[in-house]
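Undergrad: Each chain is listed here by its residues.
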Amino acid sequence: MSILIDRNTRLVGQGITGKQGLFHARLMMEYGTNLVAGVTPGKGGQWILDDKVPVFDSVKVAVEATGANTSVIFVPAAYAVDSIYEAVDAGVRLIVCLTEWVPISDMLRVRNYIDQKEVRLVGPNCPGIITPGQAKVGIIPGDIAIPGNVGIVSRSGTLTYEVLFALKEAGIGASTCVGIGGDPINGTDFMDVLRMFQEDGRTEKIVLIGEIGGSDEEKAAEFIGRHVTKPVVAFIAGQSAPPGKRMGHAGAIVEGGTGTAIEKIRALEAVHVRVAKHPEQIPSLL
Amino acid sequence: MNLHEYQTKRIFLDHGIPTLLGDVAATPSEAKTAADKLGGRVVVKAQVLAGGRGKAGGIKVAANSGEAQQAAASILGMQINGLPVRKVLIDPAAEIEREIYLGITNDRAARKAVMIASAEGGVEIEEVARRNPTKIVRQHINPLYGLRSYEVRDLALSVDLPRPHWETFIRVAQKLWEVYQQNDATLVEINPLVITKDGKLIGLDGKMSIDDNALARHPELEALRDHDVEEATETEAKTHGLSFIKLGGDIGCMVNGAGLAMATMDIIKLYGGEPANFLDIGGGAEAEKVSAALGIILQDPQVKAILINIFGGITRCDEVARGILAALDQIEVRVPMVARLVGTNAQEGRDLLAGAHMITASSLIDAAEKAVAASKGL
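Residue numbers (this note's numbering), protein chains in the order written: chain A, 34 to 319; chain B, 1019 to 1396.
Be aware that one or more of the hints could be misleading.
With a straight-line Cα cutoff of 30 angstroms, these simulated DSS-like cross-link-like pairs (lysine-lysine) come out [as the list claims (entries may be wrong)]: (1) B:K1394 <-> A:K150; (2) B:K1307 <-> A:K52; (3) B:K1287 <-> B:K1394; (4) B:K1218 <-> A:K278.
A few chain B residues that don't get close to chain A, going by computed Cβ distances all over 12 angstroms [said to hold, decoys possible]: (5) D1041; (6) G1084; (7) D1125; (8) K1130; (9) V1141; (10) R1156; (11) I1159; (12) E1169; (13) D1230; (14) E1248; (15) K1264; (16) D1347; (17) I1349.
Think of the hints as simulated: they come from the structure by calculation, not from any bench.
If you're wondering where the values come from, they're calculated on a predicted model, not measured in any experiment.
Quick reminder that beta carbons are idealized off the backbone N, C-alpha and C, glycines included.
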């Protein structure tokens, strides 16, 4: 087992006819992901990726024609929100939005809309999801992770790769790795993924990679204390970050004295989560 | 991005929020003219994007235009929290009966905007929250339905606002929500919102922050940016598509990815060093970008060593290495450089850098130890 994506995932790529999208679509397909369709308005009827993947004008048509159940969004920020709504209304059950720079006000509306629907959004501003050996949706490099029993959830991109790679070097594999993204308002939070890992038969241990800003890690700690029986190891980035400055990610900012790394570490340690001092310490704590 | 008081209040007036607003002055004589135009008592207020301007002496009441000129002369050129005061706002003085606070921000945990009101206005809301948290009332705003008048009435009741002011208060609150939405704000505040002695509800001071993610669709707000609040190097970095923040230590950092950049700063500190900056070069690895990044790091005379930490995923390490070599052709680097390349094409990247007098590191710990040692001349 795994969470969110596996061999049965039928993926539609929104905006995969562009240069970046096409590049990553090929990597996803080569990894073994079942990429069944692309969507680019105006390019319906074309075939891409060595004529293996049909392109449709809308997600609705793509879903009807191919039975796609998951969407990945490579669309630029100005159009990404529209693409999320389109995917929701077309009835896919999982949407992974990689796009960075989506306005917060748009995400507030999206989030309140999808909360009324049976759909899960991961992202925006995230690297995507990988279930090693089965499928990857997004841009996480395929060769840095091996199949295993550790579930990983992270707000970061390359820092997640670093951890996956450190685990692989130590011979430790991942059940699924989920990048939830670095924006202040997103579709899926730590708690959502922790709940799925707790219920997943394949996942035996969990790694949580957080960073400064917001209170998602504190909420995760509360949830772990109450509902998670599997061992959790964490790392929080940004202990040396100054207050009031946005550290690259839109959500990574210490505001009014809250959202500091030390508060998050204390909250996690209080529920017996082992917090690593640096990413390379994580394998030894598992 | 934060807006000045005068910029915020112009937006308030555009939306019909009753606000006292005079003219902005950059010199004492301009301040006198502005005060003459208003007549009577005025308030001279430093326009600076720093908290605590009142305590720092940046706000003065003047009985006439002569006093306003003197007040402006003393405020202009002041430094408040390290920022120069370049402009003052000359507002008419109000006769205040009562002060309250009204603001909107995002509640990340609830995924909704939240309107906040407090019976105690004129002081920073964070201070009220610490000292007297029960004085603060909150109302979440569903972005799909907007702010309903009954919700605002609840707030009015909670802050004990006299009933004759409710109608205006509801209009002000709903206009404030309109300002918040239409400008992609992450914070708007009317503080204080006052009842004047002649019975008017009117905003005396305003504060506003705009979502950086949304500035692309608000060129009119981007044009209001005050570059004094960022280091010149931070502004320069932005033009190259780099995310850079100066920190004050002596180990320059160049990393791909924001989370990894923070983790790299943290491990430097863990091993006894001090990071000079946060720098995320993003996904690209073009020589031009790498070169610009190195140039920006080296503008800081405190930098004694540089740590380059690249996790090659989609970004290929050999491309980054070529970028570094090309950068070294363009600029002279006088401090030791530690490079750690891991992931896609890492070996090719390391081979390319082997001839460039660079200290190479394999693990993150190794890189941190070597960079800290290099910064101490060891």
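Undergrad: Hint by hint, note whether the structure agrees.
TA: Here is how each hint holds up against the structure:
1. In summary, the hint linking K1394 of chain B to K150 of chain A is not supported, as the alpha carbons are separated by about 57 angstroms, beyond the 30 angstroms threshold.
2. Among the hinted pairs, K1307 of chain B with K52 of chain A is consistent with the structure: their alpha-carbon atoms are about 20 angstroms apart, no more than 30 angstroms.
3. Pair hint K1287 of chain B plus K1394 of chain B holds up; C-alpha atoms about 13 angstroms apart against a cutoff of 30 angstroms.
4. Taking the CA atoms of K1218 of chain B and K278 of chain A, the gap is near 38 angstroms; set against the 30 angstroms cutoff, the hint is violated.
5. D1041 of chain B, annotated as away from the interface, keeps every beta carbon of chain A farther than 12 angstroms; the closest lies near 30 angstroms.
6. Residue-level check passed: G1084 of chain B sits 38 angstroms from the nearest beta carbon of chain A, beyond 12 angstroms.
7. Not every CB of chain A is more than 12 angstroms from the CB of D1125 of chain B (nearest about 10 angstroms), against its label as outside the interface.
8. With a cut of 12 angstroms on Cβ distances, K1130 of chain B falls inside the contact zone with chain A, its closest approach being about 7 angstroms.
9. Listed as a non-interface residue, V1141 of chain B keeps its Cβ farther than 12 angstroms from every Cβ of chain A; the least gap is roughly 14 angstroms.
10. No Cβ of chain A approaches the Cβ of R1156 of chain B within 12 angstroms, the least distance being about 15 angstroms, so the stated non-interface status holds.
11. At roughly 9 angstroms from the closest C-beta of chain A, the C-beta of I1159 of chain B falls inside 12 angstroms, breaking its exclusion from the interface.
12. Even its closest Cβ contact with chain A, about 16 angstroms, leaves E1169 of chain B beyond 12 angstroms, as expected for a residue assigned away from the interface.
13. Under the 12 angstroms C-beta cut-off, the non-interface status given to D1230 of chain B relative to chain A is violated; the minimum distance is some 7 angstroms.
14. Look at E1248 of chain B: its CB is around 10 angstroms from the nearest CB on chain A, not clear of 12 angstroms, so calling it non-interface is violated.
15. At roughly 9 angstroms, the least C-beta separation between K1264 of chain B and chain A is not larger than 12 angstroms, which violates its mark as non-interface.
16. Even its closest Cβ contact with chain A, about 27 angstroms, leaves D1347 of chain B beyond 12 angstroms, as expected for a residue assigned away from the interface.
17. With a minimum CB-CB distance of about 24 angstroms to chain A, I1349 of chain B clears the 12 angstroms threshold, and the non-interface call stands.
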